[in-house]
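Peer 1: Chains B and V supply the protein sequences, listed in that same order. Throughout the first sequence, residue numbering follows our numbering, covering 1 to 333 in sequence. Throughout the second sequence, residue numbering follows our numbering, covering 1 to 504 in sequence.
Treat the hints with care, since some could be wrong.
[As the list claims (entries may be wrong)] Per label pair, the in silico range of CB-to-CB distance:
1. V:T126 / B:V176: 42 to 48 Å
2. B:S23 / V:G60: 23 to 29 Å
3. B:T100 / V:L355: 55 to 61 Å
[What the hints assert, rightly or not] Non-contacting residues of chain V with respect to chain B, defined by C-beta distances greater than 10 Å in every case (computed):
4. I26
5. V54
6. P68
7. N73
8. N94
9. E99
10. E106
11. D208
12. V265
13. E284
14. R327
15. L447
The hints are simulated quantities; they were obtained by calculation from the structure and are not laboratory data. Yeah, the Cβ is synthetic: ideal placement off N, Cα and C, and Gly gets one too.
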Amino acid sequence: MTPTGHQGPVGSRPAAAGPELRSWAPLLALIVLCLGFGLAEPGFATVENLWTIADRSAIPLILAVGSTFIILQGSIDLSIEGVMAVSSLTFAMCALNSRTGLDLGVLGLVLAIFAGAGLGLLSGLVTTCLRVPSFMVTLGVWSLSAGIAMLLSGDQPPLIKDPMLRAFGLGRGLAVPNLFLVAVTVVLLGYALQSYTRFGRYSMVIGGGEDLARLLGLPVDRYKVLAFAFAGLLSGLGGALESARIGLGHVEVGVGQMFATITAVVIGGTSLGGGRGGVLQSVVGTLTLAVLTNGMIFVGISPYAQKAVQGALILLAVLVTTWPLRSRLRIVK
Amino acid sequence: MTEPVLRVEGLSKSFAGVCALDDVSIDVRPREVIGLIGENGAGKSTLLKVLAGVLRADRGRIIVRGTPVSSVNVAAAAASGIGIVFQEQAVLPNVTVAENILLGHERRALRAGFYDWRTLYALAVTQLDKLGAGISPSALTATLSFGERQLVEIARALAIEERTRHEPIILFDEPTSMLDAHGTETVLGQIERLRLRASVVFVSHRLDEVLRVSDRICVMVNGRCVSTRDRAMCNIADLERLMLGRELDAAYQQQAPLSTHGRKVRLSVRALSRQNSYQGVSFELHAGEVLGIAALAGSGGESLCRTLFGAERADTGEIVLDGRAVRLREPADAVRLGIGYVPAERRLEGIVGGLGVRENMTLAHLDELRRGPFIDLAGEEQLVKSWIQRLRISTPAADTPAHDLSGGNQQKVVLAKWLIGRKLKLLILDHPMRGLDIGVKAEMFALIRELAREGLGVLLVADTVDEVMALSHSIVVMKDGVISGRFPATAAKPSRLQVLERMV
Numbered sequence: 001m002t003p004t005g006h007q008g009p010v011g012s013r014p015a016a017a018g019p020e021l022r023s024w025a026p027l028l029a030l031i032v033l034c035l036g037f038g039l040a041e042p043g044f045a046t047v048e049n050l051w052t053i054a055d056r057s058a059i060p061l062i063l064a065v066g067s068t069f070i071i072l073q074g075s076i077d078l079s080i081e082g083v084m085a086v087s088s089l090t091f092a093m094c095a096l097n098s099r100t101g102l103d104l105g106v107l108g109l110v111l112a113i114f115a116g117a118g119l120g121l122l123s124g125l126v127t128t129c130l131r132v133p134s135f136m137v138t139l140g141v142w143s144l145s146a147g148i149a150m151l152l153s154g155d156q157p158p159l160i161k162d163p164m165l166r167a168f169g170l171g172r173g174l175a176v177p178n179l180f181l182v183a184v185t186v187v188l189l190g191y192a193l194q195s196y197t198r199f200g201r202y203s204m205v206i207g208g209g210e211d212l213a214r215l216l217g218l219p220v221d222r223y224k225v226l227a228f229a230f231a232g233l234l235s236g237l238g239g240a241l242e243s244a245r246i247g248l249g250h251v252e253v254g255v256g257q258m259f260a261t262i263t264a265v266v267i268g269g270t271s272l273g274g275g276r277g278g279v280l281q282s283v284v285g286t287l288t289l290a291v292l293t294n295g296m297i298f299v300g301i302s303p304y305a306q307k308a309v310q311g312a313l314i315l316l317a318v319l320v321t322t323w324p325l326r327s328r329l330r331i332v333k
Numbered sequence: 001m002t003e004p005v006l007r008v009e010g011l012s013k014s015f016a017g018v019c020a021l022d023d024v025s026i027d028v029r030p031r032e033v034i035g036l037i038g039e040n041g042a043g044k045s046t047l048l049k050v051l052a053g054v055l056r057a058d059r060g061r062i063i064v065r066g067t068p069v070s071s072v073n074v075a076a077a078a079a080s081g082i083g084i085v086f087q088e089q090a091v092l093p094n095v096t097v098a099e100n101i102l103l104g105h106e107r108r109a110l111r112a113g114f115y116d117w118r119t120l121y122a123l124a125v126t127q128l129d130k131l132g133a134g135i136s137p138s139a140l141t142a143t144l145s146f147g148e149r150q151l152v153e154i155a156r157a158l159a160i161e162e163r164t165r166h167e168p169i170i171l172f173d174e175p176t177s178m179l180d181a182h183g184t185e186t187v188l189g190q191i192e193r194l195r196l197r198a199s200v201v202f203v204s205h206r207l208d209e210v211l212r213v214s215d216r217i218c219v220m221v222n223g224r225c226v227s228t229r230d231r232a233m234c235n236i237a238d239l240e241r242l243m244l245g246r247e248l249d250a251a252y253q254q255q256a257p258l259s260t261h262g263r264k265v266r267l268s269v270r271a272l273s274r275q276n277s278y279q280g281v282s283f284e285l286h287a288g289e290v291l292g293i294a295a296l297a298g299s300g301g302e303s304l305c306r307t308l309f310g311a312e313r314a315d316t317g318e319i320v321l322d323g324r325a326v327r328l329r330e331p332a333d334a335v336r337l338g339i340g341y342v343p344a345e346r347r348l349e350g351i352v353g354g355l356g357v358r359e360n361m362t363l364a365h366l367d368e369l370r371r372g373p374f375i376d377l378a379g380e381e382q383l384v385k386s387w388i389q390r391l392r393i394s395t396p397a398a399d400t401p402a403h404d405l406s407g408g409n410q411q412k413v414v415l416a417k418w419l420i421g422r423k424l425k426l427l428i429l430d431h432p433m434r435g436l437d438i439g440v441k442a443e444m445f446a447l448i449r450e451l452a453r454e455g456l457g458v459l460l461v462a463d464t465v466d467e468v469m470a471l472s473h474s475i476v477v478m479k480d481g482v483i484s485g486r487f488p489a490t491a492a493k494p495s496r497l498q499v500l501e502r503m504v
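Excised from the complex, chain B in its bound form:
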């Protein structure tokens, strides 16, 4: 047997440059986008604007890391906005605030994160134990948690009055926005989990062939539940941080984040079918969206058209990532 082995008649695939190029395409697109906006509008390429982009992308980055694991496994999490709402209100009502007498400080942040993780755990358990598709379950959990958040909120959203937490949400350490530092930490953690733990590697395995993983005796359900809990935890963190920034516990802190997160993960190159992609790809996707949003404001595209551009982008990304699979999906009926 030669090391190169033998190419059999079936299952042999052309080892073209295609997949290689595809995996670099999102990063190239991001660079081209930055260069384009930079050349078109000098105000775009300033240090100040780059920190603005970093600040804007902090929470999307945190959310994208969580969603990456779920999408890698071939599931989807649509509950992000609801979970963010619950954690936002939990946080605002536990820290020093205008509504309750509590003043738990950082512990409030921890509680808010736990609330998020709990909701994620719920999604995971229902998905695996009751075998309901994740998109239905998380849609339900979204609705459920939005309702809980509204109950907590009442008609008077709690204002956060803890000066330290407010300062953290808005402030910068060494010119870098604090929230962006948190996001970078989360990204590094996510990358480590993805590359060096069974949680990360099995997520890849489950996405690549769930039936095979079960056949070989892997505890597939356990890792699916873990992924949902982890994503819920990060949604919780995102909701609480957003509250710290705006100084308010509000039902709508996460509005628009679900679609944006999934868009970011997909245009980064993580396939919705699972098994391909990763945290770093999602970072590229998130930054692409942030740069696009920011740049479009600079060159003066109307907010209405911006939405359409974002939608067109996700269609394009899905097309590019699923193109090679098209022939395999054909079934004669």
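Put chain V on the given structure of chain B with help from the hints.
Peer 2: Below, chain V alone, put in the same frame as chain B:
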């Protein structure tokens, strides 16, 4: 005599009333290679899957080194010392070679919960070295060739050795059926090599291979192990006789001869080729003729069928229907031209399970039942009722969901779907008898003969010689994607042996 490492006692297994394994008993001795042969549907793969923990037996015991085991999944079977190399490769393309080899057993390479990739790679190399395979453990599995991926699977099975502290028993499910000559040599070489550190049970269709590497050969017929022989005690002719050695059922009476003289040519296929599937296939099919293609799985027969139905495209060649060259880009083209297709994967491609019998039957020809923009429901019901009667489909009602019917009745619904079409010219049957019990088979045989008498062209692809012989006027044999034998309707009927020896 040495104690057997694996002892199978009275294993039985049936699927939906059809018996796949019937009281099978086999012993496997240390470092022995057992070849398992038999026709399709004889139960070889089922036996392997039960041993490997993919399927659960209804009755019987599996004993490994004196300890009875009950395996619920492949991991549990592996824990008792049995590893399997699947026919359709069971490797994950999107992770590294090392992860595939050690899947589920990474613990030794974990440091405080984190992967130590260097250790993981080293552990994988230990297994790959047993095979002398120079595959990089860090390579992405998708980048490997077919043969290399198979080595990865074998390496995974070999890793059982360290975990159980015994030599493993490795099962191969038709390892060579998808390979060409060079690939086959490689696999047979691997089996020879494994003899030094494992016991092997392997399934193959190719008798010459089995004779070459097996110590003992077990012949399976209809779910039973009818004979186990030492290699030295048999030759190809013996094995063929054993594989086919049974009385013919009444249903298998031979098709009456047919004179194609003066009959219109329905379908003419000229030098059709599709890469990796079939090469230079040419034949003619007359109106009223049943043309049987005898081909083992993976020999190109199924792919040819799919091409003629527009589901796969040929690279070169021509398809001529009733004297006109046609282009089939998608199945809808074929349906329009009057071609019907009864697929081998009935549940997946033949019926829409959730829909009722009525809807399944008229699905492909709603156009013919149209009145303006609406469907003529009364007409539809009449039509469906008449076909249910004509084909003797036993269904509680016309609207019973198709997946609630037995396999045989489902197959009749699929047939009816095409027969309803007014301009049906050609019917392609891809393994139409698969999974049907003998009673239904007899009915289907009669029906196919009747359809041909009415002037339909029928193209039949099957992998059991009896089936092809019983139904076809003329026979084309395919092996490894090319036509290896032709027995036209005008010539003398071939013997079963003549057909079989061109298939394997």
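Peer 1: Now, for every hint given, state plainly whether the structure supports it.
Peer 2: Verification of the hints:
For the hinted restraint 42 to 48 Å between T126 of chain V and V176 of chain B, the CB-CB distance of approximately 46 Å keeps it satisfied. Remark: the range hint 23 to 29 Å for S23 of chain B to G60 of chain V is contradicted by a beta-carbon distance near 49 Å. Taking 55 to 61 Å as the suggested C-beta distance range, the pair T100 of chain B and L355 of chain V conforms, at roughly 57 Å. In this structure I26 of chain V is separated from chain B by more than 10 Å, as the shortest Cβ-Cβ distance comes to about 23 Å.
Not every C-beta of chain B lies more than 10 Å from that of V54 of chain V, the closest at about 7 Å, which undercuts listing it as non-interface. With 10 Å as the threshold on Cβ separation, the claim that P68 of chain V sits away from chain B holds: the shortest Cβ distance comes to roughly 19 Å. Not every CB of chain B is more than 10 Å from the CB of N73 of chain V (nearest about 5 Å), against its label as outside the interface. Distance check on N94 of chain V: its Cβ comes as close as 4 Å (rounded) to a Cβ of chain B, failing to clear the 10 Å threshold; non-interface status is violated.
Annotated as non-interface, E99 of chain V brings its C-beta within 10 Å of a C-beta of chain B; the closest such distance is 6 Å. Its closest Cβ contact with chain B, about 6 Å, brings E106 of chain V to no more than 10 Å, contrary to its assignment away from the interface. The claim that D208 of chain V lies off the interface holds: its Cβ sits roughly 19 Å from the closest Cβ of chain B, which is beyond the 10 Å cut-off. With a least beta-carbon separation of about 26 Å from chain B, V265 of chain V lies farther than 10 Å from that chain, consistent with its non-interface assignment.
A cut-off of 10 Å between C-beta atoms confirms that E284 of chain V is not in contact with chain B; the least separation is 25 Å. For R327 of chain V, the requirement that its beta carbon stay farther than 10 Å from each beta carbon of chain B is met, with the minimum near 17 Å. No beta-carbon of chain B is positioned within 10 Å of the beta-carbon of L447 of chain V; the least distance is around 22 Å.
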